[in-house]
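Trainee: For reference, the chains in residue letters:
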Amino acid sequence: EAQVTQNPRYLITVTGKKLTVTCSQNMNHEYMSWYRQDPGLGLRQIYYSMNVEVTDKGDVPEGYKVSRKEKRNFPLILESPSPNQTSLYFCASSPYQRYEQYFGPGTRLTVT
Amino acid sequence: GENVEQHPSTLSVQEGDSAVIKCTYSDSASNYFPWYKQELGKGPQLIIDIRSNVGEKKDQRIAVTLNKTAKHFSLHITETQPEDSAVYFCAASNPSNYGGSQGNLIFGKGTKLSVKP
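Just so you know, the sequences run in chain order Y and V. Take 1 as the starting number for the first sequence in the numbering used here and just add one per residue. Take 113 as the starting number for the second sequence in the numbering used here and just add one per residue.
Only chain Y is shown next, with the shape it has when bound in the complex (with noise of 0.2 Å):
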C-alpha cells in the first residue's frame, strides 16, 4: 500500500531533550516536507526536500533540523524542544514539488 508513515504518532517530553520524529514513504517520491498544524494557524511548512541531500528551509524553521540520506526517509529533529513547539506535525510527500502532496497521519508532540 502507498503510504507515508510517521513514529510515534504521539509524544510527551520535557524541554531541552533532543527528540526525532521519522518520516517514510514507499511510492519513490522526490519531495518531502513537513509542516506543523496549530489551532487557528493552520498547515505551516518547517522544511522541504527536492531530493537526496537537497534540503532548504520554510516558513517557520527555527528549531528544528532536517536530513535526506535516502530517498524514502525525511527525519524531522528538534535538538532542544521547547513548549512552543507543542503541536500536531505533518509530513508530506510528492512525486515533484509541483504535484499531488500525500500526507502522512501527524505527530502529535506535546512538551512541557
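Simulated from the structure, these hints should not be mistaken for lab results. Idealized CB from N, CA, C, for every residue including glycine.
In silico DSS-like links for lysine-lysine, alpha-carbon gap of 30 Å or less:
hint, chain 1, residue 1, chain 2, residue 2
1, V, K221, Y, K57
2, V, K221, Y, K65
3, Y, K57, Y, K71
4, Y, K57, V, K154
5, V, K169, V, K228
6, V, K149, Y, K65
7, Y, K18, Y, K57
8, Y, K69, V, K154
Here are some of the chain Y residues that sit facing chain V, going by a computed Cβ distance under 10 Å:
hint, residue
9, S33
10, Y35
11, G42
12, L43
13, G106
Covered by chain Y, according to a simulated footprint, are these stretches of chain V (three or more residues, beta-carbon under 8 Å):
hint, segment
14, 149–161
15, 220–226
Once you have looked at the hints, place chain V on chain Y.
Mentor: Below, chain V without anything else, positioned relative to chain Y:
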C-alpha cells in the same frame, strides 16, 4: 511571499444544502490551487485542484472556481452529506518556480465544516 486567506473559519449546514468556502491569495504569479480535506485524526488529503488556465473544475458534488483577476478561488460542495464534515484547506503555489520556495504550497488557515443530519 504568498499569503492565503480563507473564510469562513467554521461553517455549519444542513444535510442536502450547499457549502461554499472562499480563499484569496496575494501573489499574482501563483497558478496552482489545490483543496485538501482533513478528517478527524488523519492527515490532509487532496480532493480537487485547479490550475490557472481554467476557471472552473467539477468532480461529482465538488467544484472549484478561480478568478485570477480578483485573485480568489472557491470550493463548492453540493448536496452535502454528514461524511463531508471535516476541516478543509485551500492552498496556492507557483509550480513553475521549480525548486524555489514559491513552488511550495502556502495553506489557508482552514474551514471546519459541520453537516447536520
